[in-house]
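If you read the protein sequences in the order shown, they are chains E and G. Taking this note's numbering, the leading residue of the first sequence gets 316, the next gets one more, and so forth. Taking this note's numbering, the leading residue of the second sequence gets 316, the next gets one more, and so forth.
In case anyone wonders, no lab produced these hints; they're calculated from the structure. Computed from a predicted model, the values in this text were never measured in an experiment. Mixed in with the good hints, there may be bad ones.
Because identical chains share one entry, a pair is satisfied inside a single copy or across any pair of copies.
Claimed, not checked - The list that follows gives simulated cross-link-like pairs (lysine to any residue, SDA-like), each with its CA atoms no further than 25 Å apart:
1. LYS393 <-> ARG572
2. LYS393 <-> SER518
3. LYS393 <-> LEU352
4. LYS393 <-> ASP503
5. LYS393 <-> SER349
There are 2 protein chains.
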Amino acid sequence: MPAHITITALDGFPLVQPGDDLPALILDALAANSLTLQDGDVLVVAHKVVSKAEGRLIRLADVVPSPEADALARETGKDPRFLELVLRESREIVRTRPGLVIAEHRHGWICANAAIDRSNVQQGDDGDDYVLLLPKDPDASARMIRQRLQEATGATIAVIINDTHGRPFRIGAMGVAIGVAGLAPVSDLRGEKDLFGYTMQTSEIATADELAAAASLLQGQTAQGRPVVLIRGAHYQPDEQATARQLVRPRELDLFR
Amino acid sequence: MPAHITITALDGFPLVQPGDDLPALILDALAANSLTLQDGDVLVVAHKVVSKAEGRLIRLADVVPSPEADALARETGKDPRFLELVLRESREIVRTRPGLVIAEHRHGWICANAAIDRSNVQQGDDGDDYVLLLPKDPDASARMIRQRLQEATGATIAVIINDTHGRPFRIGAMGVAIGVAGLAPVSDLRGEKDLFGYTMQTSEIATADELAAAASLLQGQTAQGRPVVLIRGAHYQPDEQATARQLVRPRELDLFR
Numbered sequence: 316m317p318a319h320i321t322i323t324a325l326d327g328f329p330l331v332q333p334g335d336d337l338p339a340l341i342l343d344a345l346a347a348n349s350l351t352l353q354d355g356d357v358l359v360v361a362h363k364v365v366s367k368a369e370g371r372l373i374r375l376a377d378v379v380p381s382p383e384a385d386a387l388a389r390e391t392g393k394d395p396r397f398l399e400l401v402l403r404e405s406r407e408i409v410r411t412r413p414g415l416v417i418a419e420h421r422h423g424w425i426c427a428n429a430a431i432d433r434s435n436v437q438q439g440d441d442g443d444d445y446v447l448l449l450p451k452d453p454d455a456s457a458r459m460i461r462q463r464l465q466e467a468t469g470a471t472i473a474v475i476i477n478d479t480h481g482r483p484f485r486i487g488a489m490g491v492a493i494g495v496a497g498l499a500p501v502s503d504l505r506g507e508k509d510l511f512g513y514t515m516q517t518s519e520i521a522t523a524d525e526l527a528a529a530a531s532l533l534q535g536q537t538a539q540g541r542p543v544v545l546i547r548g549a550h551y552q553p554d555e556q557a558t559a560r561q562l563v564r565p566r567e568l569d570l571f572r
Numbered sequence: 316m317p318a319h320i321t322i323t324a325l326d327g328f329p330l331v332q333p334g335d336d337l338p339a340l341i342l343d344a345l346a347a348n349s350l351t352l353q354d355g356d357v358l359v360v361a362h363k364v365v366s367k368a369e370g371r372l373i374r375l376a377d378v379v380p381s382p383e384a385d386a387l388a389r390e391t392g393k394d395p396r397f398l399e400l401v402l403r404e405s406r407e408i409v410r411t412r413p414g415l416v417i418a419e420h421r422h423g424w425i426c427a428n429a430a431i432d433r434s435n436v437q438q439g440d441d442g443d444d445y446v447l448l449l450p451k452d453p454d455a456s457a458r459m460i461r462q463r464l465q466e467a468t469g470a471t472i473a474v475i476i477n478d479t480h481g482r483p484f485r486i487g488a489m490g491v492a493i494g495v496a497g498l499a500p501v502s503d504l505r506g507e508k509d510l511f512g513y514t515m516q517t518s519e520i521a522t523a524d525e526l527a528a529a530a531s532l533l534q535g536q537t538a539q540g541r542p543v544v545l546i547r548g549a550h551y552q553p554d555e556q557a558t559a560r561q562l563v564r565p566r567e568l569d570l571f572r
């Protein structure tokens, strides 16, 4: 049997509400899909359900824009209340142009709107607009989900929380890892030899991002959204101390800041 | 049965030599792995075997550096013959620092060394060093492979040629598509509604890059390299006119050039 990986999206995952017990929902969905976790499995969870369970919904009407947000709104034509949240979530505004704000999130991710989502966020009973921030600490969320699932199943697994980011140079967004537990997000091949005994040139592979992208193929963004995906058969380096911050290139080593 | 994708690496793929009939080698390997192509399959082929079959190996001893390459060598500490090839393959040198050259390849890819590989390239009988350039026209290579496989099997498939690129902001390289045939590399979700009827914010997904990254999980970079990967069950938009150039962000729309 040749080496293979299977990627399975959990069908029928419920709409998540603030305060929901996300690991319990995942365990229920695994059972409903007749899936049993096995050692080495990777569970990829879209950040939106993590953020919702953690109550990271913000009602725009409750946000008072700062003068800085008002200035950014004049520059970009975007909602100043939304930009106030972008500023609060960011370390730095990296680039702007009309209709677009690229920010460095406090966690280090450089992406549009500090990763704040307006789509796939329900309106409140009040008819007001809500937006969704990233989880407060996505690595901690991943660790919590992993621990609960491991306790319930006895399997040793890895958990990735993913989001969809655009990137420089290339058109189209793709899945990336913003929280990890149990696996080294970057596989270090330094010192390994290639087919002909040369030392590897490309020595670091962003395994967690490749897994996040693979899961994204099934998660979808629209009404058929399936936020939880099980990946089986992928090779990764186990790491109990892993953090997705290992995927952040330090500013002083980045030629494109 | 929940939605799922399988990713299978063809075992025992032979070392490719200049002039080899790559589609014939792929058909042999599919048969040896007891795999039959089906409608909707995506075959991901590492560029290295395409480049080798197309004879894109260059002996460094045959390369005479230009004054520009010599200057770049003094700046970066790299081999001036290698840099001469980087310059020939590039439209522009985008960034440099000691030990590193980021170039815009003629096809639009912005990556280290204009995507020229030194690892996984055999030494010649003469003991000299060879390097491997990208295929001359990766889309044409993908179309040729697709056509031959479709003629031989009767299945309607897509073909992606992938490479491994680093990127700004994030640590670690990952699989990306540099040639496509039969599928839209960017899935356009514009106009689709999300779960709650909002128009999508993230409207373009780089499906070909997500598939390229998923395949990369099994291809490996080292002695266990498996250059040909079959992906089954992925949803994509068929496109007979597709080109990987659709993944290149036009310079005037890029905030990080």
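### Task
Provide an ascending list of the numbers of those earlier hints which the structure does not satisfy.
Numbers 3 and 5, in rising order.
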